[in-house]
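A.B. asks: Sequence:
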Amino acid sequence: MNKQKAEYQTTIVIESDEVARAIIGEKGRNLKAIKRALQVDISNRGTKLFISGDRIDVDLACELIEELTEVAKRGFYIHPQDVEHAVDILQSGSHLRVRDVFMDTVFVATKHRAITPKSVNQKLYIDAMRQYDIVFAIGPAGTGKTYLAMAMAVSLLTSGEFDRIVLTRPAVEAGEKLGFLPGDMVEKVNPYLRPLYDALHDMMSYERVQRLMSQGAIEVAPLAFMRGRTLNNAFVILDEAQNTRTEQMKMFLTRLGFNSKAVITGDITQIDLPEGTSSGLIESQYILKGIEGLKFVYFNEKDVVRHPLVQDIILAYERYEKRKRSEKTDE
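Residue numbers (our numbering): 122 to 452.
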């Protein structure tokens, strides 16, 4: 015979109307997100929040609201997806508090928008970029791997720690070859580099980006252009690294010069190399294991900061791939 859990109730009084509005969210959307994530009933009357449900869930909701209050007091805009990320942080078992993650500003972009981590893994990634000279970031699309690396690079460039940023990626996409694209070499590779330009323009004005590029402080180039170079005083980002071959990865990693930092990002579930070709990113995990001075950071669907449906899509594809592998094993 199942015993029904006793319902626990509590009331929280938010210290100001402004903070209360931030926590409640537009049309109560943040409260709805709390209700979905923690299975509690939550409502408000003015600055008072009324919470009821299982004692453990209510206690977690109170801790969540305490953390959200701290970030709201510092002017942080709270979105319903931030609530979900905050719950994940609290349930992760990490020593990190929500405020430690959300308030770690990497860079203040145009229109005074602060770029901050949204998950424990993103916070670990940012700390790794600060501490290590070579950082590998591996995980699904939408987890902020390239975007946060770009923010860190721009921040360190503007502070004078590095003289330039070098952004590169292999010109490999499913079913396409450079020779079939129109134009000269620059025009051929530009479509592959477009995501890097987009991230840059999201952080700085178009005019400033163009000025820095004309001065050589920012360079965006295909990976093939890195051969034979030594990159000193530079923050170097290799994007889409799952599409590098082993020799290309070795070539890139050995370009690093004095006072330089390299961040390598990729999604090993989306490899566009010809069948039978080994991915330099996958192999690097085994080849470089145990080397001090570099760090591997791994992301999962909980770190996705795009539309909430993206998490579900990633999980659906993972289940599908797992079934396919299982069926092949059974044959």
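Hints in this document: simulated from the structure, not taken from any laboratory. Computed from a predicted model, the values in this text were never measured in an experiment. Wrong hints could be hidden among the right ones.
Said to hold, decoys possible - Straight-line alpha carbon distances no greater than 25 Å define the calculated SDA-like cross-link-like pairs of lysine to any residue that follow:
#1 K156 to D254
#2 K410 to I392
#3 K410 to R440
#4 K443 to G414
#5 K148 to K194
#6 K169 to E188
#7 K194 to T132
#8 K423 to G397
#9 K194 to D175
#10 K371 to L314
#11 K371 to G397
#12 K153 to F171
#13 K148 to L181
#14 K410 to V431
#15 K169 to S213
#16 K423 to Y441
#17 K416 to D433
#18 K169 to K194
#19 K416 to E448
#20 K156 to A230
#21 K423 to R440
#22 K416 to Y441
#23 K194 to T231
#24 K371 to R440
#25 K410 to V426
#26 K156 to D178
#27 K156 to S215
#28 K244 to T279
#29 K443 to L377
#30 K169 to E184
#31 K371 to K443
#32 K423 to F171
#33 K416 to S215
#34 K194 to S215
What the hints assert, rightly or not - Pair ranges (Cβ atoms, derived):
#35 G149 to I408: 25 to 33 Å
#36 L394 to E128: 54 to 62 Å
#37 L409 to D221: 27 to 35 Å
#38 R251 to E128: 13 to 21 Å
#39 K443 to T279: 23 to 31 Å
#40 R444 to S280: 47 to 55 Å
Don't be surprised by glycine CBs; every beta carbon is placed ideally from N, CA and C.
A.B. asks: Determine for every hint whether it applies to the structure shown.
C.D. replies: Hint check results:
1. K156 to D254: Violated, because 42 Å separates the two Cα atoms, which is more than 25 Å.
2. K410 to I392: holds (22 Å)
3. K410 to R440: Measuring from Cα to Cα gives roughly 28 Å; hence the hint is violated.
4. K443 to G414: violated (34 Å)
5. K148 to K194: holds (20 Å)
6. K169 to E188: Holds, at roughly 16 Å.
7. K194 to T132: Since the Cα atoms of K194 and T132 sit roughly 20 Å apart, the hinted pair holds (cutoff 25 Å).
8. K423 to G397: violated (31 Å)
9. K194 to D175: violated (28 Å)
10. K371 to L314: holds (21 Å)
11. K371 to G397: holds (19 Å)
12. K153 to F171: holds (13 Å)
13. K148 to L181: holds (23 Å)
14. K410 to V431: violated (31 Å)
15. K169 to S213: Violated, at roughly 28 Å.
16. K423 to Y441: holds (18 Å)
17. K416 to D433: violated (28 Å)
18. K169 to K194: holds (16 Å)
19. K416 to E448: Between K416 and E448 the Cα gap is close to 35 Å, so the pair fails against 25 Å, i.e. violated.
20. K156 to A230: Not OK: K156 and A230 at ~32 Å, beyond 25 Å, violated.
21. K423 to R440: holds (16 Å)
22. K416 to Y441: violated (30 Å)
23. K194 to T231: The given pair, whose Cα atoms are some 22 Å apart, holds under the 25 Å limit.
24. K371 to R440: The hint is violated at about 33 Å.
25. K410 to V426: violated (29 Å)
26. K156 to D178: holds (10 Å)
27. K156 to S215: Answer holds: K156 to S215 is near 23 Å, not above 25 Å.
28. K244 to T279: holds (21 Å)
29. K443 to L377: Since the Cα atoms of K443 and L377 sit roughly 37 Å apart, the hinted pair is violated (cutoff 25 Å).
30. K169 to E184: Holds: K169 and E184 sit about 16 Å apart, inside 25 Å.
31. K371 to K443: Violated, at roughly 30 Å.
32. K423 to F171: violated (28 Å)
33. K416 to S215: Holds, at about 19 Å.
34. K194 to S215: Holds - the C-alpha atoms of S215 and K194 are around 23 Å apart, at most 25 Å.
35. G149 to I408: 25 to 33 Å: violated (52 Å)
36. L394 to E128: 54 to 62 Å: holds (56 Å)
37. L409 to D221: 27 to 35 Å: holds (29 Å)
38. R251 to E128: 13 to 21 Å: Given about 45 Å between the Cβ atoms, the range is violated.
39. K443 to T279: 23 to 31 Å: violated (44 Å)
40. R444 to S280: 47 to 55 Å: Since the Cβ atoms of R444 and S280 sit about 48 Å apart, the hinted range of 47 to 55 Å holds.
The earlier numbered hints that this structure contradicts are 1, 3, 4, 8, 9, 14, 15, 17, 19, 20, 22, 24, 25, 29, 31, 32, 35, 38 and 39.
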